[in-house]
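K.L.:
Sequence:
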Amino acid sequence: RAELTVRRAFVSGPAALTLLPGVDPAGAARWDGTARFDLRLHETTTMGFTASVRDHPGRPTVSTGRAEVRAFF
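For the sequence shown, our numbering gives the first residue as 5, with consecutive numbering after it.
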């Protein structure tokens with residue numbers, strides 16, 4: 005299974021009115037992308053890779069990745 009998500013914000017900057025405590029003070033990311041790949045190696049074993057990229061105006065781009073192997077028994 006493979007999955008790819010890309011989002012683009014056309015409005016940038018901090019929110020004009022912050023009512024909720026969990027809102028990101030830097031505002032919406034200009035670009036936000038996620039990729040995920042899962043592969044079944046055996047009947048009881050799977051392997052997965054996930055990568056995420058967020059780009060805010062005026063701040064460094066943040067990239068994260070994860071790899072995992074899952075065994076079910």
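Keep in mind that the hints were calculated from the coordinates and are not lab data.
None of these values were measured; they are calculated from a predicted model.
Fair warning: there could be bad hints in the mix.
Said to hold, decoys possible - Now the in silico label distances, taken between C-beta atoms and shown as ranges:
{"id": "1", "residue 1": "G52", "residue 2": "R12", "range": "21 to 29 Å"}
{"id": "2", "residue 1": "P64", "residue 2": "R44", "range": "16 to 24 Å"}
{"id": "3", "residue 1": "L43", "residue 2": "A13", "range": "29 to 37 Å"}
{"id": "4", "residue 1": "F14", "residue 2": "A55", "range": "21 to 29 Å"}
{"id": "5", "residue 1": "E47", "residue 2": "A13", "range": "18 to 26 Å"}
{"id": "6", "residue 1": "E72", "residue 2": "V10", "range": "34 to 42 Å"}
{"id": "7", "residue 1": "G52", "residue 2": "V10", "range": "35 to 43 Å"}
{"id": "8", "residue 1": "E47", "residue 2": "R12", "range": "16 to 24 Å"}
{"id": "9", "residue 1": "E7", "residue 2": "T65", "range": "18 to 26 Å"}
{"id": "10", "residue 1": "P61", "residue 2": "R5", "range": "32 to 40 Å"}
{"id": "11", "residue 1": "T9", "residue 2": "R63", "range": "17 to 25 Å"}
{"id": "12", "residue 1": "L45", "residue 2": "R11", "range": "25 to 33 Å"}
Think of the CB as a built atom: it goes at the ideal place given N, C-alpha and C, for glycine as much as any other residue.
K.L.:
Determine whether the Cβ-Cβ distance between P64 and R44 falls within the hinted range of 16 to 24 Å.
P.N.:
violated, 36 Å
K.L.:
Confirm or reject the claim that L45 and R11 have a C-beta distance inside 25 to 33 Å.
P.N.:
The hint (25 to 33 Å, Cβ to Cβ) holds, given that L45 and R11 are roughly 31 Å apart.
K.L.:
Quick check: does the Cβ-Cβ distance between F14 and A55 fall within 21 to 29 Å?
P.N.:
holds, 24 Å
K.L.:
Is it true that the C-beta distance of E47 to A13 lies inside 18 to 26 Å, as the hint says?
P.N.:
Given about 42 Å between the Cβ atoms, the range is violated.
K.L.:
With 16 to 24 Å as the target window, see if E47 and R12 comply at their CB atoms.
P.N.:
violated, 40 Å
K.L.:
Could you see if the CB distance from E7 to T65 stays within 18 to 26 Å?
P.N.:
Check passed, 21 Å falls within 18 to 26 Å.
K.L.:
Range first: 21 to 29 Å. Now tell me if the beta carbons of G52 and R12 are that far apart.
P.N.:
Given a distance of about 26 Å, which is inside 21 to 29 Å, the answer is holds.
K.L.:
Mind checking the hinted window 29 to 37 Å against the Cβ distance between L43 and A13?
P.N.:
holds, 32 Å
K.L.:
Would you say the C-beta atoms of E72 and V10 sit inside 34 to 42 Å of each other?
P.N.:
The hint (34 to 42 Å, Cβ to Cβ) is violated, given that E72 and V10 are roughly 23 Å apart.
K.L.:
Given a hinted range of 35 to 43 Å, is it respected by the beta-carbon distance of G52 and V10?
P.N.:
Given range 35 to 43 Å: violated, Cβ gap about 19 Å.
K.L.:
Is the distance from the Cβ of P61 to the Cβ of R5 consistent with 32 to 40 Å?
P.N.:
holds, 33 Å
K.L.:
If I claimed the Cβ atoms of T9 and R63 lie 17 to 25 Å apart, would that claim hold in this structure?
P.N.:
At roughly 21 Å between Cβ atoms, R63 and T9 fall inside 17 to 25 Å, so the hint holds.
Consistency note: the structure conflicts with the earlier hints numbered 2, 5, 6, 7 and 8.
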